[in-house]
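Residue strings, one per chain:
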Amino acid sequence: MTAPTAEVEDASANWAKARAGVGDKIFAGTALAAGCVILAALAGVFIFLAIKGASGFTKPAEVYGPHAESFLGYVVPLLIGTFTASIIALIIAVPLAFGIALVISHYAPRWVAAPVAYVIDLLAAVPSVVYGLWGAFFLAKQLVPMHVWLHENLGPIPLVGNLFGEPNPAGRSVLTAGIVLAIMILPIITAITREVFSRTPRLHEEAALALGATRWEMVRMTVFPYARSGMVSAVMLGLGRALGETMAVTMVLSVGFDLSWNIIATSSPTSIAANIALKYKERSADLLNVLVATGLVLFLMTFLVNFIARWIVGRSERRMAR
Amino acid sequence: MAKSIDISDVNIYYGDFLAVEGVNMTIRAGAVTAFIGPSGCGKSTFLRSLNRMHEVIPGARVEGKIVVDGQDLYEPGVDPVAVRRQVGMVFQRPNPFPTMSIYDNVLAGLRLNAGKMKKSAADEIVEKSLRGANLWNEVKDRLNKPGMGLSGGQQQRLCIARAIAVEPQVLLMDEPCSALDPISTSAIEDLIHELKNEFTIVIVTHNMQQAARVSDDTGFFNLKATGEPGHLVEFNPTKKMFANPDDPATEAYISGRFG
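Heads up: the protein sequence lines correspond to chains A and B, in order.
For the first sequence, our numbering begins at 1 and goes up steadily by one.
For the second sequence, our numbering begins at 1 and goes up steadily by one.
In short, the hints are calculated from the structure, not lab data.
In this text, a Cβ means the ideal position worked out from N, Cα and C, and glycines have one as well.
One or more of the hints may lead you astray.
What the hints assert, rightly or not - Some chain A residues flagged as far from chain B (calculated, every beta-carbon gap over 10 Å):
no.: 1; residue: LYS52
no.: 2; residue: THR84
no.: 3; residue: PHE137
no.: 4; residue: GLY155
no.: 5; residue: VAL232
no.: 6; residue: GLY256
no.: 7; residue: ILE276
Unchecked claim - Going by beta-carbon spacing under 8 Å, a handful of chain B positions derived as facing chain A:
no.: 8; residue: ASN51
no.: 9; residue: VAL81
no.: 10; residue: ARG84
no.: 11; residue: ARG162
Work out the full structure: start from the sequences and follow the hints.
Encoded structure:
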């Protein structure tokens, strides 16, 4: 009889004590620390760029030469180069990635979907130098006929034709760089969208099917609305990678400073990141400041693009929540 | 509008696993038929085979005949999408489309079938369907608010409105009240009584009193033994089923003396 009584007393003692504390505290602390580290790292990068780059905005004209005289003249072609290549990459990669993700998550039988998903993930593991080599020495040559075709067939069309001027004889154009970038950002966009597509609640999908929706109608009614925020995140991550990519662009593109709409031109402005990779070894202290300043511009532009995209997604969600 | 369903020698498989065996019954038009039975006895599987929804699970297939309005649903060449437009379904948990307003939720099925329609016609259908689901008075002032903002019982009635908006011949309900409180349950049961004038209704329920309250006919499903397929033990008018069942197993289950 004594033993059970003791147990009861123990139990009531435990009632009063806060039993769980330790594990919870460790977890909460770790999570908070991780969050702070990310913010601190971001702030650190920004401060470094701002301090080191500040003087880069206002150097004497010869530092920016030979193609430019001011910082603005130096950075604008690079910005245009960066965004042109990245936008081409997105235009190619996003529909493809969404399509592949949808096939894997909703169309293909499991024995096809699993290996395909695995292979796509493998693409992400290939170092960017390898993509650069492949793009410069193999793909560019293969794309020469396409450049010629684009110039001959789309060149005469007003407006659109401006994009397809005199083609690069070696195929090493912004278009080629964009295609290589597209292949590089494909896996990350596919992997994330596949994951959010497959998380669509079964209940919603069945609701659509039970109303007599075909598979595609079901996808449009339930999968896309549910996954929209994740799809934007995926595109933003892909865009981030494309904007910051150095090696592939450095190796594929034949660099110049001619500003034109021609995306298959002989020489086009390179991207900010590729420019830094090309020039930082020259390392006159002045030029280094300028390079860091261009890095700061890229950082802020990426931030801005992300912010706008988030705002657009948030706006449609807020409208629904009202 | 309402059509009867003739079911003969239906076996339902998941891959090689026989889930439900040898079901024969006739579900009367314009009546409520309830399926009762213990969990895992295949009554939900069988219900879902009536609009080919079980095919969502890979490997699921059906042998036998399920005939609605003279058409065998499992004849080769019959499109499951077309079947589901004739045989609507309401699920266990309310599932309005989360990104759509109340208005758009009601029209979701129609927009699939009919494409574009006039605003006035659409308004009319929304009102008719919501009235049909006893929800109109509660939501008429906030049709453009999201469907997810409603209470559970209201969401379930919204799902019923969405299902009847396409004017199916048959309405299947898979434990429609199991996630709802007693008041919402009572509202849905009243609604089922009204709907049976227009639709053939088949309902799966775990609640025996509910089966007794709402249905005209009742089917009792059970497992022959653990690991064996489920089968239909008895199918009779509800009054007879609950007062004087043919099968001792039915009586044991209904009176709570199970096994």
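Each hint tested on the structure:
no., hint, result
1, LYS52, "46 Å, holds"
2, THR84, "34 Å, holds"
3, PHE137, "44 Å, holds"
4, GLY155, "40 Å, holds"
5, VAL232, "14 Å, holds"
6, GLY256, "47 Å, holds"
7, ILE276, "42 Å, holds"
8, ASN51, "7 Å, holds"
9, VAL81, "5 Å, holds"
10, ARG84, "4 Å, holds"
11, ARG162, "7 Å, holds"
When the structure is compared with the earlier hints, no violation turns up for any of them.
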